[in-house]
Every structure is written in structure tokens, then in C-alpha cells.
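When you get a sec, could you build the whole thing from the sequences and use the hints?
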Amino acid sequence: MIRSILGVLPEAGQIINLCAAIMLLLGFSMLAQRRILTLINLFLLQGIVLFVSILTVALSTGQNHLLWSAIITLALKVVALPWILHRLIRRLSVKWDVETLLNIPATMLVGIMLVIVAFNVATPISELSGTVLRSTIGIALACVLLSFLMMITRSKAVPQVIAFLAMENGLFFAATSATYGMPMVVELGIALDVMIGMVIFGVFFFQIRQQFDSLDIRQMERAREE
Amino acid sequence: MSILDWILIVIIPGWLLIGIIGIVFPYRPHLIYGLLFPSGAVLGVLLAVCALSGIVAAPQTRVLSLGLPDLPFHLRLDTLSSFFLFLLGAASTGISIYAGGYFRRGKGAIPGLLCLLYHVFLVSMVCVMLTDDGYAFMIAWETMALSSFFLVTSDHRIAEIRRAGYLYLLIAHIGAVGILLSFGLMAGNAGDYTFDAMRRFPEDGIWPAVAFLLALFGFGAKAGILPLHVWLPEAHPAAPSPVSAIMSGVMLKTAIYGLLRVSFDLLHAKYWWWGLLLLLIGLATAVFGVIFSAVQTDMKRLLAYSSIENIGIILTGIGLTLIFKSFALPHLAALALTATLYHCLNHAYFKSLLFLCTGTVLHATGERNLGRLGGLMRSMPRVAWLALVGMLAAAGLPPLNGFVSEWLMLQSFLFTSGLPQGYLHMLLPVSAAAFALVAALSGFAMVKFFGIIFLGQPREENLLHAHDAGRHELLGLLWFAVGCVLLGLFPNLVIAMLDPVTRLLLGSGLREAVAANGWWLLAPISQDRASYSAATFFVSLALFIPFVFVVVRRFFHGNLDLYGNVKRVPAWDCGFPSQTARMQDTAEGFSQPIRRVFSSFLRHTRQHPSPFDTNPVYRGSVEDPFWKWLYQPIVRLVEYGTNIVAFLQHGRIAIYLLYSFITLLALLMLTNG
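Order-wise, the sequence lines are chains A and B. Numbering-wise (the working numbering), the first sequence opens with residue 2 and increments by one. Numbering-wise (the working numbering), the second sequence opens with residue 3 and increments by one.
Among the hints, erroneous ones may be present.
To give an idea of the chain B side of the interface with chain A (calculated C-beta under 7 Å), a few residues [what the hints assert, rightly or not]:
#, residue
1, A656
2, L659
3, L660
4, Y661
5, I664
Restraint ranges, calculated between C-beta atoms of paired labels, are given here [stated by the list, open to error]:
#, chain 1, residue 1, chain 2, residue 2, range
6, A, F207, B, I208, 53 to 61 Å
7, B, Y168, A, M114, 48 to 56 Å
8, A, D194, B, Y168, 56 to 64 Å
9, B, I208, A, A107, 33 to 41 Å
10, B, I208, A, M114, 29 to 37 Å
11, B, L183, A, G198, 34 to 42 Å
12, A, A107, B, E625, 36 to 44 Å
13, A, I197, B, S55, 53 to 61 Å
Treat the hints as calculated values from the structure; they're not laboratory data. Even glycine gets a Cβ: it sits at the ideal position worked out from N, Cα and C.
Written out as C-alpha cells, the structure is:
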């Protein structure tokens, strides 16, 4: 079956592996990036890569519902979310994320360790999975963990949200590579969640800034109940 | 249309509709109090009639496909639920009429919201008694708890009331957990939550006992048995009086219904120690409640503790029934259960009456403290006479209803000589003595309640101008007062009505034994052992009192002087040239002997004024010992535990994220390895 699929779209496996590699690279560069504007552009790039990889899988396997999820990815993660984020930072006029809780080189080292862990953990899963993309499961998991790490190390609210969205990208990639995507209902649900989450975050940013005169989430420690 | 259909199609939607109309027009007091509450009362009468015919009918069942997809609501109307529905219908009628007048004069809460909550509360209680599966039961039970919580806190601007409401909600939910676990345990093997499946629960081993204890805990929290009673004296003074009335009169009985349903119907009541446990808890609750009720100085707290006492009496009755049933003494078991159910009905009547009277007094004077009331007999005579009826019934005096049930209960205590268990044989007479003590002390508490509020001199200036109850309020009070008299005068009819219920739970009843003597003479065991004729008593009382009155007027007051006038001389003033209303016996002073005798139970703190104080103030308060010895240690334990857990709570998002990150990694490693 795989032979025939690869016949439909030659070099599909190669394209997907390339996408996976770019995803991982983007994950690392996001982890290292301090400028918020660049971070959003990287997130946009990640969305494009995700779109390309899903489209490739869709065309090579002939799974129609994957075409839909590719379109959703394009609309949401390449167009809508970066646009909203751009608008947000323009209105909040924050361009810099000066501090991280852990310095960048140390973060990168932890990231490398996470990738090793992810590959190690993913081995038994990729053996079970019978898809073209099984070698990429490790990378997808690594992307998820890297985004999680980024969420922990950033102290400003906007990068945290970007990290959260990037984590969702990684999850999506993992789902496509492991099982040819989740059922349509689940995907639609997740897309809606991300959209609504974004709106709520947008509202929260303004509220947080109004309350604490800063978007630094460390300020919120004062808000905890004593 | 069957009886169940009537309830499902007319009464439940009717009450809901009334509530919805109320919330749609929330600020139209004339519509809400003039039309909606009275129509709710009409539905109450209808429910009572339906339930009355349901008692003699065969059980009816329905399955409603409401709720979650695979869990329909099972409904069942049998004699037990019919009896409690009758109680609900009869009590809610009077309270709805009264509420239409009472809330009109109140301020604070939104009328439409009150109307909605009140009717949702009624509907949820109907549903509690109709449901035939654990799932629907819990939904109805929680709706009941929540709607009553919002009714209690309808004056939520006062911090004390919010605190009382919180306490009530907390204990209600802890209790609900107990009930849920009990149902879960009984349904565990069957796979569905119908009561039918639970009836097939294995009857041996430790699990039925565990299920019973969980149910006792859960329903006990709602009923107010001993360690879980603390919400009652807080919630009742906080709630508006009609709400207190329906909570005390009816809602506490839903807990009794649940306990009867679980222990007799679902678990078949096999073990005698269940009965002994209930008997001991019931007696402890009753003694505790009555002592505290006797020393209270707030009229609604007094009634709240008296409700605890009555729940104790009812629980004692259930305990006796269980003991008799497990030793296969069907006639005695039927006697005890009849007394218990009779007392439920009586308590619903007289306690509602008394709570409603306190509402009228509260509105007329703005005072709940007994120390500032007094002499209201003159300014509010009609309420006073109706309160007298309720007070005599609550004190358990013939010919009113309270006497009959307490007398029946004592009878069942006294006929225990047939029991094969030696220790029980010795314990029961002692319990009977405790029961008699409770009955006597409740008389004391009720005399205090009535005497301090209505008799003597007004202790405050404004009491002279207190206005009597309005038309609606008076009608509501009259409903209960007439009920108290009728339930007391025709015990045989009531017992005949209770017969199908006891037959359902025990397989035996008192109908034949009672019918043998005709309607005027009540002799539950045999005529030569003990008998009571309410009618004879009533007639002789009705003849004797006017006779004494005439004789006293004619002969004692009859020594006229030469001119035919009554001789009047100044009374001996005992060395006090002027006597003020402040010199009368106060609520504190009246109960002082009781406080002395039972001082080891009570935590009494007093603040004496200094002898040189020109404006002396005396303060005394009685605290519930359970707060200090049970609840405060629990609170400290919980605080200690939360402090340990609070170590994890740094309030930093990065740390919280790190927790989930580490958890994720650990789980990944674990599943991998």
C-alpha cells in the first residue's frame, strides 16, 4: 500500500522528513529567540511547515479529512493567529522579551536532553505505528516538550501564549504522523479551543497590564491568596 | 389518569409554571403574593388529595426519558412516598397561604426570585419522594439542597446569614456524599442505579451494614442528628419564617423518608443492632435538643433545637421499629412505626404553626430575642391563641396531636417485655425514662416560648403597638391549628391511614386492632392495658373549663360589697413601690434551673456587670459543646493539612507549569519502561 501511495506523490517520505527536521529546528530557534516579533514569525513558519506536511500526507495517502485539517491549519495557524498576535503586540506595544528565567544556553542544553528523551520514549510508539511518518513521531514529541520548556522559562505573558500555541502545533504534528490525524470532530474541537483560548488570552493581556502595569507574569504572584 | 399522572402532569408543572411566571414578572408583588402563592396552595391541597388516594392504591411506576441518554428517570409512587407526599402537600398549603401574606410585608429579596425558589424547592421535594433510582434521587436531593440554600440566604446582605447558609450548604453536601456512597455501594453489583436493583443487594456480610451506616450519616446530616445538627440552629433563625417552617416541617422529613426507604425497603432491616444504634442516637439527639431548646433566648433558635429534639424522637421510633422487626414482633413493630410516622405528621403541623407564629411576631415587633418580647397576648390576640394551640401540641398535651404520637411511642416502649435479648431488655426501660424526660422538658421549653412572648407585661415600649397578623397569614396559621386539633381528635382515622404504609415496610398494621374499638377509643394493644379517648377528653375539657370559669367568677370573685360593686384594694406590693415590666421573669431566668441541672452539658458563659455600673448590662450565652469538642478540632486538622499542601502553591505560573512538565515526563518514562 505504501508503495502505491508513494507512487502517487514521489518523494513524499522525503518531504515529510524534511518538514519534521524544520519543525525541530524551528522549535529550537523559538526557544532561543528573545524578540517577540521574530517569535511570531517563527510561529507562522511553523504553521506553514505543518500545513505542508499535512497536505503531503493527505495527497500521498488520499485521506480526505486530512485535506480539511490542512485547510484549517492554514486558515488558523498561518493566517488568523499570527495576525491576531501581531495586532496584539502592536496595541500592547511590547516588542522585547528581555528576561528569561533560565539563560539561553542552559535552556538549549536542557532542550537537547529533552530531544533525546523524546526519541527514546517514541521508539516503541513508532514501532507500533504503521504509517509513512513513523520516524517523525519522536520529532513531534520533542517539539511538544520544547514548547513546554519554553512556556516554563519565559516570564512574559505573550511568549508564553505563543509557546502554548506552538505546543499545540507539535501535538497536531504528532497526531498526523502517528495515526494520520485525529477524527474530524476532535480536530474541529481543538481548532475551536485554540481560537477561543486566543480570544481569552487577548482579553487577559489587557486586564493583566491594567492591573499590574506590566505583562510580567511574575507580578501575578502578588495575586495569590495568602 | 392515574394518581402518579396527576402529580406528574398537573402538580409538578403547575408549581414550576408558577415559579417561572414569578421570575418573568419579578417586581409585581400583587401578582406574586396575591395570585401565585395562593394558586401554589391550591396545588398543595391537590397534592394532598392525590397522595391520600395514593396511600390506598397499588404502587405505580413510570420511566421518564429525561436526563442523560442512557439513564432515564424511574419514578414510583407507593404508600410510603404517598404518605410523605401527603405531609408535603398538607404542610405546603398552609405555608403557601401564609407566605403570600408574609413576604408582602418583607423587604430585601426580589419577590419573583423568592417565588421561583420556593416552588422549585417544593417540586424538588416531590421528586425526592417519587424517584425510584439513585441517580434521579440525587438530582432531586441536590436541587432541594440548593434551592433551600438560596431561600435561607434570601437576605444575603447580612454576613451572619451568609455564614449560616454556608454552614448549611457544607453539611448538606457532606451528607450528600454519604448518600451517594451508600447508593453506589448498593448498586455496585447490579450495574444500574434503580432501587429495584438495590433491593437485590446481598443481605449478608459487612456491606449492607456499611451501606446502612453511610445512609444514616447522609440522611442524618439533613435531618440534624446529633453530631451533624449544628446547621439547624444557625439556618432557621437566618431563613425567612415560611422557609424555616417548610424546612423544619417538611424538608427534615425527606431525610426521614430516605432513611426509611433505605433501611426498610432497600436493605430489608435485618439486624437488631441497627435499631439499637438508631435508638441510642435518637435518644441522645432528643435529650440534647430539648435541653438546648429550654435554655435558648432567641425564639427561632429555641424552635430549631426543638426540631432537633423531634427528629430525635422520630429516630428513636425508627430504632424501636427496627428492633421489633428483627425479633419478629410484627404488631409491636407496627405500633412503633405508626407512632413514628404519626409524629412526623404532627411535627410538620405544630412546628410549621410555631415557626409561622414567630414570623408574625418578628414582623410585628422586629425582634427575635425573647428578652425584648412579652405581653403580646393583648396586642396580637388572634396569633396568640393560635400559637397556644401549636404550643400545647408541641408540648405533647392532650387532646392535641402531639400527645397521641408521644403516647403511642411510650406504649411501644412499655410493651417490650417480649424481647429475647437480655441487655435490650434492661436498656429499653431506661430509654423509656429518657423519652419521658424529653417529653416533659419539651413541655417546659414550650411553656417558656409561649409565656415569655405572649404573657406578662410588654418588656419594650413598641410592643404595645404591635399589629396582629394579616388575613393571609391568619388563614395559614388557622390551617395548621385546625390540623393540630383534628389530628389529635381523630387518631383512629390517622392510624387507619398509616396502616398501608406500615404494611408495606413491615407486613403488619394496626388497622384491625384499632378498628375493633370504634372511632372514639384508641387502644393499640388491648383495651385493658392502655386506652385513650381524645373525644371524651375533649368534651370533658370543654365542659369543665367553662364550669370552673363560672364558679370562680360567681363564688371567688363573688364577695361584693354593700353597694354591689367588686371590692378593689391595692395589691400588696411586696416592698416594691413600683413594678416595671423589667422585673418579670425573663427567658434567662425562667430556664435557670434547667441550666443549673444540666450545666455539665452546656458551655454557659456569663458577663456580670460591675456593682458600680450605672447602666448595667448582663450578657449570657450558651454554646454548643460540639463546636469546641468536635468541629474545632476538625477545622484545625483541615487547616493543618491545607498548610502542608500550600507548600506546593508558590503562586508562580512557571512552577505550576514545571509540575505538569515533570509529571508528563515521568509518565512518559514510566509507560516506556
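(request) Kindly confirm whether 33 to 41 Å is satisfied by the beta carbon distance between I208(B) and A107(A). (result) 58 Å, violated
(message) Just to be careful: measuring from the Cβ of L659(B) to every Cβ in chain A, is the smallest value less than 7 Å?
(response) 5 Å, holds
(request) State, for the Cβ atoms of D194(A) and Y168(B), whether the hinted interval 56 to 64 Å holds or is violated. (result) Because 34 Å falls outside the window, the suggested range is violated.
(request) With respect to the beta-carbon atoms only, verify the hint that F207(A) and I208(B) lie 53 to 61 Å apart. (result) 59 Å, holds
(message) Restraint: Y661(B) near chain A, CB-CB cut 7 Å. Satisfied or not?
(response) 10 Å, violated
(request) Look at the Cβ atoms of A107(A) and E625(B) and judge whether their distance stays inside 36 to 44 Å. (result) Distance hint for A107(A), E625(B) is violated at roughly 60 Å.
(message) Holds or violated: the 48 to 56 Å window for the beta-carbon distance between Y168(B) and M114(A)?
(response) 49 Å, holds
(request) Could you tell me whether the CB distance from L183(B) to G198(A) stays inside 34 to 42 Å? (result) Taking Cβ atoms as reference, L183(B) and G198(A) lie about 37 Å apart, which means the hint holds.
(message) Let's test the interface hint: is any C-beta of chain A closer than 7 Å to that of A656(B)?
(response) 5 Å, holds
(message) So, as I understand it, the hint says L660(B) touches chain A; can you test that by seeing if any CB pair is closer than 7 Å?
(response) 5 Å, holds
(message) Less than 7 Å between beta-carbons is the criterion; does I664(B) satisfy it with respect to chain A?
(response) 10 Å, violated
(message) Given the hint of 53 to 61 Å, is the C-beta distance from I197(A) to S55(B) inside that range or not?
(response) The hint (53 to 61 Å, Cβ to Cβ) holds, given that I197(A) and S55(B) are roughly 54 Å apart.
Hints 4, 5, 8, 9, 10 and 12 from the list above are not met by this structure, while the remaining hints are.
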